[in-house]
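Here are the chains, one letter per residue:
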Amino acid sequence: MALLNLKDVSVAYGDNVVLKDFNLNIKKGDLVSLLGPSGCGKTTTLRLIGGFIQANKGKFIFNDKDYTKVPVHKREFGFVFQSYALFPHLSVFDNVAFGLKLRKTPKGEIKKRVMEMLDIVGLADYSKRYPKELSGGQRQRVALARALVIKPDLLLLDEPLSNLDAKLRVKMRVGIRKIQKELNITTVYVTHDQEECFSISDKVAVMNEGVIEHLDTPQNIYDNPKTEFVANFVGFENFIDLSLQSKNEDISTYNSKNGRVFKVKSTNINSNKETIKGAIRPEEIKIVNKGGDNKDENTLDGIVGISTFLGKEYQYMVDTEVGKLLVNGNTNKRYKEGEKVKLYLPKEKMVLV
Amino acid sequence: MALLNLKDVSVAYGDNVVLKDFNLNIKKGDLVSLLGPSGCGKTTTLRLIGGFIQANKGKFIFNDKDYTKVPVHKREFGFVFQSYALFPHLSVFDNVAFGLKLRKTPKGEIKKRVMEMLDIVGLADYSKRYPKELSGGQRQRVALARALVIKPDLLLLDEPLSNLDAKLRVKMRVGIRKIQKELNITTVYVTHDQEECFSISDKVAVMNEGVIEHLDTPQNIYDNPKTEFVANFVGFENFIDLSLQSKNEDISTYNSKNGRVFKVKSTNINSNKETIKGAIRPEEIKIVNKGGDNKDENTLDGIVGISTFLGKEYQYMVDTEVGKLLVNGNTNKRYKEGEKVKLYLPKEKMVLV
Amino acid sequence: SSNESKGEDVDKQEKETLIISTWGYNEDILKKNVFEPFEKKHNVDIVLEVGNNADRLNKIRMNKNSDVDIIYLASSYAIQGVKEGLFEEINRENIPNIENIYEIAKAPLGEKYGPAYTVNRTGIIYDTEATKEKVDSWSDLWRDEFKDNASIANITSTAGPAMVLAAAKKADVSIKDDYDKAFEELSKLKPNIVKTYSRSSDLVNMFTQGEIKIGVAQDFAYGRIKDALPSAEWVNPKEGAFANLNSVNIVKGSDNKELAEKFINFLLSEKVQKANALDKVDSPINVNVELTKEEAEGLTYGKDLINSLQTIDYEYINSVMSDWIDKWNREISK
Amino acid sequence: MNTKSRFLTIFSVLVYTFLIFPLVIITAAAFGANDYLKFPPEGFSFKWVANIFEVEMFIRTFKISIEIAVFGTFLALLIGIPAAYILSRYQFKGRNFLQGLFLSPVLIPAIVFGFSLLKFLIIKMQFPVYTSLLIGHTVVILPYIIRVISSSLESFDYSIEEAAVSLGAGRIKTFFIIVLPNITSGVIAAFILAFINSFNNVPISIFLTGPGVSTLPIQMMSYVEYYFDPTIAALSVILMLMTAILMFIIERTLGLSFFTK
Amino acid sequence: MKNKANYLLLLPGLILLGLFLFVPLFSTIFQTIRGKEGLTLVKYFDFFKDSYYISIYLRTLKLALITTLIAVMLGFPTAYYISRTNKKVRGLYIMLAVFPLLTSSVVRSFSWMVILGRNGIVNTILLNLNIINEPLKLLYNEFAIVVGLVYLFLPLMIMSLVGVMENIDNDLMEAAESLGASRLKAFIKVIFPLSVPGLIVGSVLVFTGSLTAYTTPQLLGGSNAKVLSTLVYQNAMSLFDWDTASVLATIMILTTLIVTTIINKLSGKLSGKR
Ligand SMILES: Nc1ncnc2c1ncn2[C@@H]1O[C@H](COP(=O)(O)OP(=O)(O)OP(=O)(O)O)[C@@H](O)[C@H]1O
Ligand SMILES: Nc1ncnc2c1ncn2[C@@H]1O[C@H](COP(=O)(O)OP(=O)(O)OP(=O)(O)O)[C@@H](O)[C@H]1O
Ligand SMILES: [Mg+2]
Ligand SMILES: [Mg+2]
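Residue numbers (the working numbering), protein chains in the order written: chain Y, 4 to 356; chain P, 4 to 356; chain U, 2 to 335; chain X, 87 to 347; chain E, 268 to 541.
Think of the hints as simulated: they come from the structure by calculation, not from any bench. Here the structure is a predicted model, which is why all the values come from computation and not from measurement. All residues carry an ideal CB built from backbone N, CA and C; glycine is no exception. The reader is advised that the hints may include incorrect statements.
[Said to hold, decoys possible] So the derived list for chain U, only partly shown, Cβ under 10 Å to chain X, looks like this:
hint, residue
1, Met63
2, Ser201
3, Asp228
With these hints in hand, go ahead and build the complete structure from the sequences.
Here is the structure:
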């Protein structure tokens with residue numbers, strides 16, 4: 004049974020409807036991420052669950068009780084705000100100790116738990132500072148510690164790591180995940196960082212304009228997104244119009260407009276339309292060779308355009324017969340602008356939406 | 004000649020010295036990123052350049068003029084704050100138009116330029132809203148538009164995209180880069196996102212506790228970091244203690260403590276110490292085969308520990324003779340905990356620090 | 002009277018309380034000379050209500066149950082009180098000391114009401130050094146030499162109406178026949194007037210700060226002005242200074258009437274009058290009080306002086322006061 | 087600090103000179119030998135200060151003034167803070183009207199208000215004088231409390247409040263431990279304004295005083311009606327001194343986190 | 268409002284005002300419109316027909332407005348200065364600003380006489396510096412009243428503004444400056460609109476205070492500087508004519524109502540819509 008259950012919820016700011024007949028179920032102990040473009044309603048969803056805004060209609064069930072009208076402070080949820088919302092008049096220690104003090108935790112234990120938590124977020128030396136005297140990332144970590152230390156029934160995290168550098172972010176997310184697992188705290192997590200999202204979540208919900216388009220395990224979302232929006236959002240940068248040729252249980256065959264043949268794994272077909280889009284990530288396209296046989300399946304010819312260095316790889320804009328495609332290539336060899344290349348699009352890596 | 008020049012600058016908040024004898028030179032038209040862990044002084048550096056805080060000592064030369072004492076509003080610098088700092092009493096339009104109005108730009112042109120800029124950040128429909136009525140990411144984009152629209156002499160961006168999702172972030176950074184190039188605006192960019200940092204910058208400065216440890220092109224920083232700190236920071240997760248065996252112009256030979264032989268490209272040697280650390284990224288280590296010949300150069304034996312799904316790849320913690328190493332493997336095959344593997348560390352990919 | 006005031010204990014049942022409404026000045030001296038001896042003598046508690054004439058009169062006017070037993074007032078206000086029937090009639094037989102006071106003080110409000118317990122003068126004070134010629138008449142106020150250098154009391158203050166009377170003298174008209182003339186005369190005085198004051202302390206201030214060279218004042222202000230400005234002189238104008246009589250009355254509804262009469266009698270007694278005179282709080286009105294020249298300095302003392310004073314017909318003045326104030330406002334002090 | 091320009095500093099110094107200089111004159115007079123205000127004074131003397139303690143009414147009315155000001159301000163805070171909070175925290179119909187309503191006591195010339203209260207409370211309702219005085223003062227100072235506090239609440243970031251509530255603090259608790267400490271200066275400003283207004287009030291007190299119940303300003307007024315020696319100046323100096331000491335003690339013993347506890 | 272119970276928090280205040288302000292006051296004001304037969308506004312017409320009253324009315328209004336304006340101009344930068352100092356010093360500054368309020372209004376006015384008088388400090392200095400040959404007449408005119416009133420009410424303005432300004436984030440000022448606004452411009456365009464709530468409170472307090480002030484105009488004004496409250500006092504305290512006093516008071520109330528509405532509207536414009 005679901006621990007948390009949002010049923011046909013609608014939320015509007017004035018006339019501006021943000022969530023419309025929104026549904027979400029979360030199992031006890033799960034960490035569900037909300038992923039979606041800026042302004043799609045992630046924060047709104049969290050605020051709704053947290054009780055800071057009221058739904059116009061619909062219900063919120065938590066732990067089999069109707070929580071729709073339960074006041075915020077009775078909810079025992081931990082919340083990390085996108086804007087931190089630290090108490091400016093309290094020191095870092097007191098900010099974190101705030102929730103514990105309210106729970107009448109003994110002094111000694113407060114001290115112990117707060118310092119433990121500050122240690123986890125790497126701010127043990129900063130306990131006497133005031134929020135104003137901290138850097139952006141430090142503030143964010145205080146906000147995180149403040150929410151975690153009370154071991155809430157439900158943890159609501161709104162981009163809790165957005166202002167941290169890569170290494171620290173990894174460290175923090177590992178920390179969050181560990182605590183979350185240990186205490187079995189059900190968690191709703193909003194992030195815009197996909198790697199973070201995929202590595203930390205039990206389930207990912209991809210939102211678009213106030214609606215969840217795809218709720219699934221990270222692996223499934225990553226490999227096999229159900230809609231074009233989701234595919235695009237999780238990094239399938241390249242879309243090729245295809246029309247069905249023949250469908251098989253294992254492998255199906257499609258044609259591109261210019262007559263190229265594409266074989267695709269049938270489990271990757273997520274739509275029954277006749278003309279469909281084949282989606283593939285830049286890093287899954289292989290640059291095979293200059294020129295070569297035009298008739299090969301799952302290949303395209305193209306000319307290299309501008310390129311960007313991404314650290315691990317180069318990313319090329321390749322002009323092909325079916326339009327511009329983004330292709331990543333490793334750093335062993337850098338292709339020059341104008342070079343002719345052949346691209347190979349592996350059939351397991353193409354998703355049809 | 005450098006356009007911007009910080010000379011032996013020191014900054015302290017009370018007793019807490021944040022920047023110490025800090026030096027930075029930036030060429031006209033360059034985009035330089037500041038990269039570094041939370042609290043290392045990135046924001047402080049920007050605020051110093053922006054003129055919001057005064058250095059205790061040192062000089063700031065801009066365009067051959069001493070800018071140390073020039074008041075903020077005479078600097079003609081654009082600034083995006085980590086905390087947005089939008090004007091709560093002004094609409095989105097008026098927030099963006101603020102700087103133009105001060106410059107007595109004609110009304111018609113203000114309208115044109117503001118709307119153009121809002122279009123670029125994808126908020127053209129939001130021009131009448133007030134900051135309170137925007138989502139986190141939307142606010143951040145307004146802050147960005149506000150700074151860009153005045154076409155400043157110098158652009159100072161403090162994590163301007165931290166609250167945006169991956170796709171939007173790419174779009175925005177391409178937009179920033181385009182405007183920056185077109186108008187040839189020298190830019191200092193603070194970000195914690197390495198991909199973003201490497202893709203957008205002409206130069207990257209890696210900071211550690213108020214000091215720049217390495218200032219170089221993204222490629223060089225990425226491939227050949229000069230110090231252990233930088234290496235670690237840009238993703239060289241694995242460090243192996245090595246001692247010099249023989250040095251050659253092309254290839255040098257090192258020994259690990261347990262007697263394994265490692266050949267390394269001599270251009271990758273960044274320290275002259277006898278005992279040195281060999282650094283390598285998880286994704287550069289190849290999992291060759293289970294078991295195999297122990298005597299191979301640049302190899303290690305290990306046992307697979309816990310693994311994490313990262314989207315593109317799995318990451319394994321492998322227990323080897325020289326300690327635990329992080330190794331990425333592709334998703335074609337997933338290794339199980341306890342499996343024996345042989346790791347290959349390519350000589351071009353190892354850096355000695 | 003019952004006592005609901007806070008801070009005053011009513012623990013001893015038999016001890017009565019007398020509530021006296023008075024000005025709030027010289028309280029320490031009055032306490033020593035008047036209140037405490039009386040409290041002792043008659044075993045009562047005296048509770049004071051303080052404030053200026055208008056405030057206190059207004060309060061007993063509006064609040065018929067105000068508990069106040071005795072009220073001190075300047076003549077003009079006392080007369081209003083009489084007219085509105087706010088006072089008890091007194092039994093003069095219970096106040097034998099009335100026989101020992103000067104004629105003008107015996108019954109300024111008529112036989113039925115309270116006597117005056119002190120008198121003071123309204124005259125002129127001027128700075129002899131800054132003035133070319135001696136000042137000895139009300140008309141001297143109009144001299145050109147005092148342009149922008151004179152101050153007179155506001156019409157609404159105690160010494161105010163006297164100025165209209167003085168103007169009538171200057172214009173040589175009888176006030177009751179034609180006060181318009183008096184006001185015409187007054188408006189000729191206007192160029193000289195820096196301001197009209199309503200607190201005597203204000204007047205003292207103007208003298209000491211050099212704002213004025215001449216002013217119309219009540220005699221009790223003179224001492225202080227002289228201290229600060231030794232060249233200041235008091236003038237009893239030859240037309241006569243004006244008398245102001247402060248009277249005491251029993252407030253209607255007082256249930257301590259007898260005690261109140263005893264108090265009035267006590268207040269008029271030679272001993273109390275002398276003590277107050279020596280402390281320079283009130284000029285003595287008891288004919289038996291004898292003072293040396295030094296002791297009399299600054300007081301309205303002596304048969305001759307008191308008999309030379311012009312009395313003011315407040316009953317008449319009160320009947321035209323509202324018109325006077327209006328005229329005054331429009332012509333003198335805009 | 088670079089947030090303050092030189093112009094601003096000079097300007098503020100000038101304004102403070104304007105505010106403080108007359109007080110210097112008053113202080114000088116209070117300890118001067120002259121029996122009128124003179125600057126610079128001639129000689130030095132404690133006689134005016136001593137004089138205050140000769141006049142018993144000063145002491146007695148001072149106590150009453152303090153009582154009324156403390157109780158009145160306390161009452162007004164009790165009534166005003168919740169109202170201010172609602173008025174600035176929530177948007178609802180009639181909010182502007184209510185805001186105007188709560189401000190109305192300062193719009194009314196105090197003398198008329200005092201007179202009306204005398205007629206209504208003391209004469210008609212037969213309230214004791216002391217109670218009436220307290221009520222009158224509470225009413226006139228209420229606007230100071232409400233307006234000053236709600237204007238500082240208006241620039242308060244309510245997400246902080248939400249954070250506290252999410253950590254388990256009830257609304258009321260949140261108000262006391264989070265909202266209040268962050269508007270401390272507003273509250274202090276309101277308190278000071280209200281207290282001083284009550285303490286200094288003349289026009290209302292005039293009507294609402296009675297036998298044995300009078301306030302210090304009324305007493306002072308009566309005093310200056312006839313006297314012009316620097317006793318009142320000395321009294322003012324003493325009042326300032328006491329305020330300074332009081333604030334100093336609060337600052338030292340309770341610190342600025344006074345309201346947090 | 269979501270929660271009806273919230274309204275309860277307004278109730279004590281409403282009851283207090285209703286019972287002890289509106290009931291007594293309306294019964295007083297009601298007297299002014301009760302004629303022999305039915306209700307009449309004749310007393311008000313009388314006031315406005317008389318050019319003498321009108322001139323006093325206009326003078327009173329003028330003095331109050333000028334005072335408010337000056338208090339804003341002096342109070343605003345000062346309050347900003349105070350609000351940007353650190354918390355410890357801020358207390359001291361606020362305390363200093365409050366001190367003038369602790370002195371009796373009479374003494375306060377007297378000290379201004381010492382400053383502005385013919386032999387006063389200002390004239391002495393100016394004479395000694397040979398800037399003037401003859402003492403200026405600084406006292407007993409409208410100028411002196413304005414000085415006295417500004418002095419009296421400036422602390423109120425400062426206090427109201429500090430309360431609001433200290434909650435304005437410094438980032439905003441910096442953002443404005445980085446966009447090219449000078450300190451002054453940034454102040455006008457950002458701090459000012461955001462301080463409007465405090466400004467309204469301050470202005471209303473100062474305006475109503477100066478409109479109804481009695482002692483200061485009486486002591487510092489000359490014979491040609493009568494104001495409305497003098498008339499109220501004369502009528503009430505000397506003539507015991509409470510009807511006329513109430514008429515005047517009602518006119519003052521209406522005036523403050525109108526002016527505060529205008530202040531509200533104006534500042535609403537200044538601050539931009541919320
Ligand atoms: N007002 C202040 N008073 C005292 N210390 C401060 C203040 N502001 C910043 N610091 C400290 O100075 C150091 C550098 O801060 P800065 O804001 O420059 O960091 P940063 O590199 O921008 O970090 P982040 O990535 O977390 O934003 C931090 O350790 C911080 O705690
Ligand atoms: N108070 C408000 N009034 C009106 N509209 C609002 C308000 N708050 C948010 N919105 C709008 O509601 C939509 C959803 O906002 P929300 O904050 O939930 O977005 P989000 O998914 O968290 O975005 P981000 O990733 O940028 O933080 C946005 O388009 C935003 O403009
Ligand atoms: Mg959000
Ligand atoms: Mg920062």
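Verification of the supplied hints:
{"no.": "1", "hint": "Met63", "verdict": "holds, 6 Å"}
{"no.": "2", "hint": "Ser201", "verdict": "holds, 6 Å"}
{"no.": "3", "hint": "Asp228", "verdict": "holds, 6 Å"}
Consistency note: the structure conflicts with none of the earlier hints.
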